[in-house]
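Quick one: dock chain against chain with the hints and give me the complex.
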Amino acid sequence: MIGNLDAKIPAGPLADKWRTYRNNARLVSPNNRRRFEIIVVGSGLAGGSAAATLGELGYNVKCFCFQDSPRRAHSIAAQGGINAAKNYQNDGDSVYRLFYDTIKGGDFRSREANVYRLAEVSAEIIDQCVEQGVPFAREYSGLLANRSFGGAQVSRTFYARGQTGQQLLLGAYQALCRQISAGTVKMFPQTEMLDLVLVDGHAKGIITRDLVNGEIATHAGDAVVLATGGYGNVFFLSTNARGCNVTATYRAYKKGALFANPCFTQIHPTCIPVSGQRQSKLTLMSESLRNDGRVWVPKKQNDDRTPREIPELERDYYLERKYPSYGNLAPRDISSRSAKEVCDEGRGVGDTGRGVYLDFADAIKRLGENTIRERYGNLFDIYEKITGENACQVPMRIYPAVHYTMGGLWVDYNLMSNVPGLHVIGEANFSDHGANRLGASALMQGLADGYFVLPATLPNYLAGQMGKRPSADHPEFRKAEAEVRAHVKKLLDINGKRSVDSIHRELGLLLWDRCGMARNAHGLREALAKIPQLREEFWSNALVPGDGEDFNQSLERAGRVADFLEFAELLCLDALARDESCGGHFREEHQTADGEALRDDENFAAVFAWEHQGNGQVAEPKLHREPLHFETVHLAQRSYK
Amino acid sequence: MNFKLRVWRQKNSQSPGRLVVYEATKISPQTSFLEMLDIVNDQLLTMGDEPIAFDSDCREGICGTCSLTINGEAHGPAHPSAACQLYMRRFKDGATITIEPFRAKPFPIVKDLVVNRTALDRIVQAGGFIGARTGSAPEANSIPIPKHHADLAMEAAACIGCGACAAACPNASAMLFTAAKISHLALLPQGQPERTRRVLKMVRQMDAEGFGNCTNTYECEAVCPAEISASFIAKLNREYVRATLCASAGE
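Just so you know, the sequences run in chain order A and B.
First residue of the first sequence? That's 1 in my numbering, and the numbers climb one at a time after it.
First residue of the second sequence? That's 1 in my numbering, and the numbers climb one at a time after it.
So here's chain B without its partners, still in its complex pose (with noise of 0.2 angstroms):
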């Protein structure tokens, strides 16, 4: 198979950057998407040029590094996947092929198609967690949990903190990606003592990330790589107000 691709190409965080035409030629439909892009590679390399920088690492859909925005699309057409999930046998012989980096103002480009999420780890910094000093925990049985809870749970708790949520949402908004950490540790009842603090935190940090506002536009939902349902963004709502009653309660 051949392709045309227009990929982003950005020296560094300070330069501009523009679409440059590449060709993908003689590509087997079995090759993934990262795989087209390093035979690309190889021949800007042989050619003199400077290889076109991407992030990825596993290569299975689960370490969140891969973060392509393929035709206007985070992750590309194949949802729910991450782009590394996805294969040239989706793509029609002949197209063109569009290729940037996950667009929203936190997530700063370093180099090409690579961009910066540390506004991510700050947000589950600000309280994200479960304050649970090790060699202090009970029996793991001693708190029975029903399984719909934490099944539930589950489902919030499988984000894998790629982004994509922010860089499809039109208002560059990190509320699913937010919501799926406080509902996750929500929902648990070890998670209770530090609920209240927790989302409190969490959203202002979030805020002062510069991510927007939730709008219900849903493309969150629609690109999430691990089909986080955008039901926690109502969770995180109910969450936020509850939190702050008790906050101003006193408690």
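Bound-form chain A, shown alone (with noise of 0.2 angstroms):
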């Protein structure tokens, strides 16, 4: 089985690792790699970018997506930036201080390897995408505009409007529009993973299922990418779109991959708090605005005048007061943590006390509110349509929600998981973000596996698998066939009486209660009993109506659900397992006297992967550890003051 973890790390000194390991990867020629079929699964940042690049290398790709166009994937939504080590601001940036940046900001969890691979590839991505159009901001000298973001004293990151996501997908679906007109990549869209299919050890095809018709279909592979994203939605309110799931990462685990860190959820600071009873999910508003914006509650508990009677002196500028040196820039666990903090101790706004205000009246006089239109304004436009208010006059209220999962599937340096053949990439993996993402690192994250990584790594597995893809009649792709077939007809079975949403929505508050901003044992272990008992009442009593040959959204959000309901117990048992504070993972049992997360490095600098042991109650999963070693940052306690 699974021996010691190998992460697979070049040797040699960390900066010239990635140029090392270029320098020795076996290679496919391109007269061979037209013999080569690759699967990837997912259009977002890291899929659509690695599967149009493969493309363009020759390789015959795959791509499947669930939503109608590879355009839709949710990396479309992200909204502030991505960072790049350009030093265009002459501020002292540097890919050392990148590297670093993403290192303290995950709380010393993440791979030290991987990150300063990505910190070196950052600057490669700017200038990619602005060959691809990409309109980044400029300044009138023509040249491009950087912004600040949380956790970084320098100016890196790169954006489009409030809308840098968008324009970034749309700059990878471009080119994998180019090479679906060349014939290279075949796209499927509508068209969910279901399965991964082993054989002989190696990852060698996917079933999924054509959303339209119902058709289950088998495809074969050289290699399978997975790019599906992060289960925030497991919370059901986040700030995913409805469609983020689990399934594609989550069957993968079933078929013997390693699940990292799968506790480490990313709370955002700054979203639209949740208000009704029958909210479908939640928005966030860029951590950018936290550049110009200032946070506060009253310093009076309960306190309901309205934010402009509140007098300068009766305000609490909590961040700016407790982090000095970063003020409202505060990573984003602590700005969360910090907001939970003020709310419960009754100092939090709004009509449930669960918000606070992000005030940009000093802003707005300092530069004038056509500045700062001109750099918020469709944030501005958004939240005004949400809450019918204008954020110019009266304060946004604010309050943290689920945004963004760090981890992920385990893979070693090469993007692949302990599955010969599998290869992760994006917020799918688990290696760069460590325990606490910093802002606009995502974006950059999935254009650097997808455009530059996978497509140096992946040849490095393909070269000794020429000739080796099974047919898609193999037995084990009718094994698989005939199980997913089973779980369609299991779920259409149930017939009870509740639909799958109430189920998803009350998983989601237990999760959010007992394993959100803040978790201990004893709310764990709740959870941890309470969990199997909904899975038992989803699988008695869910209601999924219609049929499996026809387009059936009952059904996809059922099969999705009853995979949350099995991934939610291994989220709580990793941070029960990890028992110490680091990052977004605040065990309440460990901080420091000033309530900081305290993280205990002689035990847990490590990265934990689990290996599924049959299912759920039969056996718990069997825990790996692969040790994190830190050989040119010093491990220290996290001080932004």
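Simulated pairs of lysine-lysine, DSSO-like, Cα-Cα distance not exceeding 30 angstroms: (1) A:Lys385 x B:Lys26; (2) A:Lys490 x B:Lys11; (3) A:Lys254 x A:Lys489; (4) B:Lys11 x A:Lys497; (5) B:Lys201 x A:Lys186.
With the C-beta cut set under 7 angstroms, the calculated list includes, among others, these residues of chain A facing chain B: (6) Thr53; (7) Ser69; (8) Ala77; (9) Gln132; (10) Pro135; (11) Tyr140; (12) Leu144; (13) Val212; (14) Gly243; (15) Ser275; (16) Arg278; (17) Gln553.
The set of hints was computed from the structure by calculation and includes no laboratory data.
Backbone N, C-alpha and C fix where the C-beta goes; we use that ideal spot for every residue, glycine too.
This is the structure we're talking about:
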């Protein structure tokens, strides 16, 4: 089975590792590339850029997405920007600083070699995107503009209004379209991966369901790439799109891929607060707003005056007070927890008391309303559409919400999981953000993986695989296909009384309560006792109407929720096993005197990677550790004071 | 709040469809339009009816998935916004609301309120890109782009690809969609080498998909959630004429 987890990090000094790797990795020659079929699942920043680049290199690519067009992947909703170590602002930035900020921001729970490589290729991403026609913001000189973001003391974030994710995704989508028309990529929209197929221990294909006509199909390939995003929707309410799900990565986990650090979830500090019982999703307000907005609550408890009636002296600008050097730009985990603290103290604002102000009055006084509108116009519009309030006149109300998941399938330096041939990129893997991701780093990672890293590492696997692609009629495919058909039938046969959404919502509330911004052993054990009951409720009382040979949105959702109901247990188990606080994982038992996360490096400076052992109730998953070695940075208590 | 809904139900692309009446009761004004449909669907489910199929994903107006025609207007009355950004406080208590899919011949109905918009993808596949090979790009700041060009390109690039323009147009024209992509790329120095072939190929594909022509009714601009200006259609026409002349001159 799986011995010690070997991340296959190249030897040599940190700054030389990626070059050394590329100098020595195996290659596939141009005329052999067309003999390989690569399956890419997901068409967001990571999947779209990988499929386009691999197609351009000459491989035959099949790309799958559940949306009706690859352009609709959830990367499209990213607002604020993308980091790159260009040092255009001459403010002292460098590859090393971007690397260091990312390691520190992740609270020393990510892998040095991967993060350094990410920082190294960051500059190339900007070059590539500009050449594709991504309309980044510019100065009057015609040169690129930058803004600053949380967890950094330099301005290294490139942006396109508040729609950076959209513009970067359209760049990747257009590159993908070019390959589709060239015939190197075959696109399968509205097609959901429902299982991974292993032949002789290697990932050699997938089983899919056509969401329009229900057809179950088998696809064989020489390698499988998962770029299926994160699992934030396990909480029901999150800033993720409604369709985001854990199914692809969870099915791969059940086929033997290790799931790493599932408890590392990011709660984003600046979202529009929850307003009703029937709310279906939460909306993010980009962190970039914290460049010019000041976060505050009243000093008094239960202060029901309007914000403008509260004089300056009776306001608590708590981030500026607690973290004077970073102020409103403290990292996300710290900002979120601070908001929860002041609301727990009874100083929250809005109808529910779960909100804090993000105030632009000072910035408007200093720079004028026009400048602020130009920087954040579309964000102010989104806010006004949802709340009916103009943020230039009254401060925004914000509250943390689930936004991103740092955990994901375990991968080595090649971005390959422990299952040979199965590569995992973007948010779906675990590797670069440790226990907390810095703002504007998700776009960077997705594109680094897809444009530059995977295209260089995939041949290293493929070179030994020539001619080993099985036929899609291989018995392993037939077996997996039969299992998928049985699973679909089982969902349709439950025939209970309760809607799938109501069970999902209950699961989400439980996790938010017990495994959200603050966690403790008692609460986690309660959640672990409750989840199997909810699962039982689902399998005995859920109502999934219609049939499987049709466009059936209830069935799609039911399949995803069934996986969330198993995955939630893994998440809580990991949160319980990680008996320390770090980054976004805050265990109440482990905090400093002033309430900061208290790491335990002696026992937990490691990746926790879980191996599936039969079905949930039967046996607990097996824990594998990958010790994290810090050769370049010194482990230190994170301080943003 | 209470509403009477008239909803288009259609089993699949082959069967005929019809408007069916449903009641939406006790809806809070803060509920979004799509959440109101979620609530109605829950009720249908418990009554043993099949829920209404409708598309949505991000529910914050950026992914372009939602595609409802509400009271005859693509995305409903709250322009500029996508249907997912519409809240029930926009409607009068007791109102009757008619909900149909986006209607245009190149968007066949999949089921109920869900349409197939792959025609738009095929227009982009025909040439809506810059052929920049990964890894071969020059240093990003080596080509300065005047701020107003970059800003204008961004205004065009903001298109979310929802297809409301074609659904609102009496001719089912996708000119605004196509014009936005052509303008975005034609305004940038990186887009120049393929400028001529791009516009010719995209327009040819747009016609082949069965989209109609523009007769300047501006319904597209009125419903566009991304506020794409119809002046880009004028730019598309100029680009097309220029490309035709270039092509006939043998360029």
